[in-house]
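Participant: Put chain B on the given structure of chain A with help from the hints.
Here is what each chain is made of, one letter per residue.
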Amino acid sequence: DTEVTQTPKHLVMGMTNKKSLKCEQHMGHRAMYWYKQKAKKPPELMFVYSYEKLSINESVPSRFSPECPNSSLLNLHLHALQPEDSALYLCASSSISYEQYFGPGTRLTVT
Amino acid sequence: KQEVTQIPAALSVPEGENLVLNCSFTDSAIYNLQWFRQDPGKGLTSLLLIQSSQREQTSGRLNASLDKSSGRSTLYIAASQPGDSATYLCAVRGNDYKLSFGAGTTVTVRA
Numbered sequence: 001d002t003e004v005t006q007t008p009k010h011l012v013m014g015m016t017n018k019k020s021l022k023c024e025q026h027m028g029h030r031a032m033y034w035y036k037q038k039a040k041k042p043p044e045l046m047f048v049y050s051y052e053k054l055s056i057n058e059s060v061p062s063r064f065s066p067e068c069p070n071s072s073l074l075n076l077h078l079h080a081l082q083p084e085d086s087a088l089y090l091c092a093s094s095s096i097s098y099e100q101y102f103g104p105g106t107r108l109t110v111t
Numbered sequence: 001k002q003e004v005t006q007i008p009a010a011l012s013v014p015e016g017e018n019l020v021l022n023c024s025f026t027d028s029a030i031y032n033l034q035w036f037r038q039d040p041g042k043g044l045t046s047l048l049l050i051q052s053s054q055r056e057q058t059s060g061r062l063n064a065s066l067d068k069s070s071g072r073s074t075l076y077i078a079a080s081q082p083g084d085s086a087t088y089l090c091a092v093r094g095n096d097y098k099l100s101f102g103a104g105t106t107v108t109v110r111a
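Note that the protein sequences, when read in sequence, are chains A and B.
Per this note's numbering, the first sequence runs over residues 1 to 111.
Per this note's numbering, the second sequence runs over residues 1 to 111.
So that you can see chain B by itself, here it is in the shape it has in the complex:
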């Protein structure tokens, strides 16, 4: 069974600092990896999707890397802003339709 771990569970940084969020998974036979953002009481917003054949994806201030062989992904958010405060979830998809989620990292960006 795929196990997904996200470290740290919570992170508080001053505005302008770069954020580094880590995700690890136990089974390297993944189809893709997706990073989501969730605001309290809201749905999940897809941030980045990395296919298993890719090493990284970028969108604006966000960059995600994938090292399938070591079972790791990292989400970098440059020049953090208070609006980046949210919970960030990592999810991996195996050879079926199922996503295995990590427990999330709750980020607070202080103004």
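For reference, chain A alone in the conformation it holds in the complex:
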């Protein structure tokens, strides 16, 4: 099974809302990632977790808060977002060979 799942598929939220994105993999991968992708652009790395510890934060605003409850789960908590945060949010995990596997993404719209 080489699947990364993400929920929800679509999310619309107001600027004062709090919501969370969820990502799950059961491939035994020990590195997990959050990316943000704007239309017609490549993905931009946001966070990397390695062995459930945050190892890379690409200077992401604090309104995005990642969490890794266990080796299979990755959450992204959202609070007080701006309209420019509207994008496709992608989760990925990587194997021991560092091949990255991506989920289908969550399409986020901030109103």
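FYI, nobody ran anything at the bench for these hints, they're computed from the structure.
Bear in mind that the values here come from a model prediction, so they are computed numbers and not experimental data.
We treat Cβ as the ideally placed atom computed from N, Cα and C, and that holds for glycine.
Take these hints with a grain of salt, some might be off.
Straight-line alpha carbon distances no greater than 16 Å define the calculated EDC-like cross-link-like pairs of lysine to aspartate or glutamate that follow [stated by the list, open to error]:
(1) K1(B) - D85(A)
(2) K98(B) - E44(A)
(3) K41(A) - D96(B)
(4) K53(A) - D39(B)
(5) K22(A) - E67(A)
(6) K18(A) - E99(A)
(7) K42(B) - E84(A)
(8) K1(B) - E58(A)
(9) K36(A) - E3(A)
(10) K40(A) - D96(B)
(11) K38(A) - E17(B)
(12) K98(B) - E58(A)
(13) K36(A) - E58(A)
(14) K41(A) - D39(B)
(15) K98(B) - D85(A)
So these bits of chain A aren't anywhere near chain B, every CB distance computed over 10 Å [stated by the list, open to error]:
(16) T7
(17) T16
(18) H77
(19) E99
(20) T111
These stretches of chain A come out as covered by chain B in the derived footprint (C-beta under 8 Å, 3 or more residues) [claimed, not checked]:
(21) 38-50
(22) 62-76
Facilitator: Frame of chain A, contents of chain B only:
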């Protein structure tokens, strides 16, 4: 900083023609190179992973080559089909967890 360039940005071919997609990178100190496919509004699908010690990888109609010293990779897709229409992204990994992506080549295969 690693810079990844993909040429051409867009390509339109008739069905049955072979596709040649190019990727170049500025820093040859890479760990691996990965080719992805992305359909509109979807996540990334890993096509091929080439480790830095390898020269090429093949999967079905796909073949990717890597020339690390010259900073180049080429993805060949034989006998293209309309279902091959998508954006193809090249990404290189350095000595950390980060992938540096090219901007992609958008392929249209005409029936």
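Participant: Hint by hint, note whether the structure agrees.
Facilitator: How the hints compare with the structure:
1. With a CA separation close to 25 Å, the supplied pair K1(B) and D85(A) exceeds the 16 Å bound.
2. Proximity of K98(B) to E44(A) is assessed by CA-CA distance (about 10 Å); at most 16 Å being required, the pair is judged to hold.
3. Distance check on the hinted pair: K41(A) and D96(B) sit about 22 Å apart at the alpha-carbon level, beyond 16 Å; violated.
4. Restraint check for K53(A) and D39(B): the C-alpha separation of about 31 Å exceeds 16 Å, so the hint is violated.
5. Our distance criterion of 16 Å between C-alpha atoms is met by K22(A) and E67(A), whose separation comes to about 10 Å.
6. At most 16 Å may separate the alpha-carbon atoms for a hinted pair to count; K18(A) and E99(A) exceed this at roughly 33 Å.
7. Distance hint between K42(B) and E84(A) is unfulfilled; the C-alpha atoms sit about 20 Å from each other, more than 16 Å.
8. Taking the CA atoms of K1(B) and E58(A), the gap is about 14 Å. The hint holds against a cut of 16 Å.
9. Proximity of K36(A) to E3(A) is assessed by CA-CA distance (about 19 Å); at most 16 Å being required, the pair is judged violated.
10. For the given pair, K40(A) sits about 26 Å from D96(B) by alpha-carbon distance, which is inconsistent with the 16 Å threshold.
11. For a cut-off of 16 Å, the pair hint linking K38(A) to E17(B) is broken: about 31 Å separates their Cα positions.
12. Only pairs whose Cα atoms come within 16 Å are accepted, and K98(B) paired with E58(A) is accepted, the gap being roughly 10 Å.
13. With a C-alpha separation of about 11 Å, the suggested pair K36(A) and E58(A) falls inside the 16 Å cut-off, and the hint holds.
14. Distance check on the hinted pair: K41(A) and D39(B) sit about 13 Å apart at the alpha-carbon level, within 16 Å; holds.
15. A C-alpha spacing of about 21 Å is found between K98(B) and D85(A), which places the hinted pair above 16 Å, so the restraint is violated.
16. Its beta-carbon lying about 13 Å from the closest one in chain B, T7(A) satisfies the requirement of being farther than 10 Å from that chain.
17. For T16(A), the requirement that its beta carbon stay farther than 10 Å from each beta carbon of chain B is met, with the minimum near 27 Å.
18. No beta-carbon of chain B is positioned within 10 Å of the beta-carbon of H77(A); the least distance is around 21 Å.
19. Separation of E99(A) from chain B is inadequate, the least Cβ-Cβ distance of about 4 Å not exceeding the 10 Å criterion.
20. The Cβ of T111(A) lies farther than 10 Å from every Cβ of chain B, with a closest approach of about 19 Å, so its non-interface assignment holds.
21. For the stretch 38-50 of chain A, the stated coverage by chain B holds: 6 residues have a C-beta nearer than 8 Å to a C-beta of that chain, and at least 3 were required.
22. Under a criterion of three residues with beta carbons nearer than 8 Å to beta carbons of chain B, the stated coverage of the stretch 62-76 of chain A fails, only 0 such residues being counted.
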